[in-house]
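Colleague: Sequence:
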Amino acid sequence: MGELTKYLVKEHILCNVEAADWREAIQKAAQPLVDAGKIGRTYVEHTIEKVEEMGPYFVITQGVALAHTRPSDDVKEQCVSLMTLATPVKFGHKTNDPVEIVFMLAATTDNGHIDAVMHIAQKLCEEGIREKIKSAQTAEELYQLMM
1 MGELTKYLVK EHILCNVEAA DWREAIQKAA QPLVDAGKIG RTYVEHTIEK
51 VEEMGPYFVI TQGVALAHTR PSDDVKEQCV SLMTLATPVK FGHKTNDPVE
101 IVFMLAATTD NGHIDAVMHI AQKLCEEGIR EKIKSAQTAE ELYQLMM
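Numbering of the sequence shown is given in this note's numbering, commencing with residue 1 and proceeding in unit increments.
Don't read these hints as lab results, they were simulated from the structure. Ideal Cβ placement from N, Cα and C applies to all residues, glycine included. Possibly wrong hints are sitting among the right ones.
Claimed, not checked - In silico BS3-like cross-links for lysine-lysine, where the CA-CA straight-line distance does not exceed 30 Å: (1) K123 with K50; (2) K28 with K76; (3) K94 with K132; (4) K50 with K94.
Stated by the list, open to error - Here are the simulated distance ranges between beta carbons: (5) R70 with G92: 18 to 26 Å; (6) N111 with K132: 25 to 33 Å; (7) K132 with K76: 27 to 35 Å; (8) E11 with M118: 17 to 25 Å; (9) E18 with N96: 14 to 22 Å; (10) T95 with R41: 29 to 37 Å; (11) I114 with T87: 30 to 38 Å; (12) A20 with R41: 14 to 22 Å; (13) G112 with E18: 30 to 38 Å; (14) K132 with D73: 30 to 38 Å; (15) K90 with N16: 12 to 20 Å.
Let the sequences and hints guide you as you build the complete structure.
Modeller: This is the structure in structure tokens:
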């Protein structure tokens, strides 16, 4: 089992979701973490505010967003969610738009997310993995791909 599964569980994976814009994409990607009590709604609001202030700094590669903001009291436990979008959404990134894969990451400390980010980055470097993620039809299929 991959290291990423330490942070990402099947219940936090959403497949082929429709979102009207990047704000809704962030909110929907975060919803499983909010529902599980791992993060509060304020963390999601701060993530959106940070993009409004700094631009889409977390659109890390073509078609992939790693949504996050600074740790806060609103993060109860380090966690990750994964969502694929049925229709790609523009986040406003010059070269990496539109986004089709959204990870939502929440850390309890400043360096707490580094391990998860490293595992996500390694996974995204695997040959053909983005295409497999985008074409997955179920949360189970996505989970297996991320292991």
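Colleague: Hint by hint, say whether it matches the structure.
Modeller: Checked hints:
1. Between K123 and K50 the CA atoms are separated by roughly 26 Å; this keeps the pair inside 30 Å, and the hint holds.
2. Of the pairs offered as hints, the one joining K28 and K76 holds, with about 19 Å between alpha carbons and a cut-off of 30 Å not exceeded.
3. A C-alpha spacing of about 24 Å is found between K94 and K132, which places the hinted pair at or below 30 Å, so the restraint holds.
4. A distance of roughly 17 Å separates the Cα atoms of K50 and K94; the hinted pair therefore holds under the 30 Å criterion.
5. R70 and G92 have their C-beta atoms about 20 Å apart, which keeps the hinted 18 to 26 Å range intact.
6. Between N111 and K132 the C-beta distance comes to about 30 Å, which sits within the given range of 25 to 33 Å.
7. Checking the proposed 27 to 35 Å range against K132 and K76 shows it holds: the Cβ atoms sit about 31 Å from each other.
8. A C-beta distance of roughly 23 Å is found between E11 and M118, which places it inside the suggested range of 17 to 25 Å.
9. Checked against the hint of 14 to 22 Å, the C-beta distance between E18 and N96 comes to roughly 21 Å, which is consistent with it.
10. Hint check: T95 to R41, Cβ distance near 31 Å, so the stated range 29 to 37 Å holds.
11. For the hinted restraint 30 to 38 Å between I114 and T87, the CB-CB distance of approximately 32 Å keeps it satisfied.
12. Taking the beta carbon of each, A20 and R41 are about 19 Å apart, inside 14 to 22 Å as hinted.
13. Checking the proposed 30 to 38 Å range against G112 and E18 shows it holds: the Cβ atoms sit about 31 Å from each other.
14. The hint said 30 to 38 Å for the Cβ distance between K132 and D73, and at roughly 37 Å that hint holds.
15. As the Cβ distance of K90 to N16 is approximately 18 Å, the hint placing it in 12 to 20 Å holds.
Of the numbered hints given earlier, the model fails none.
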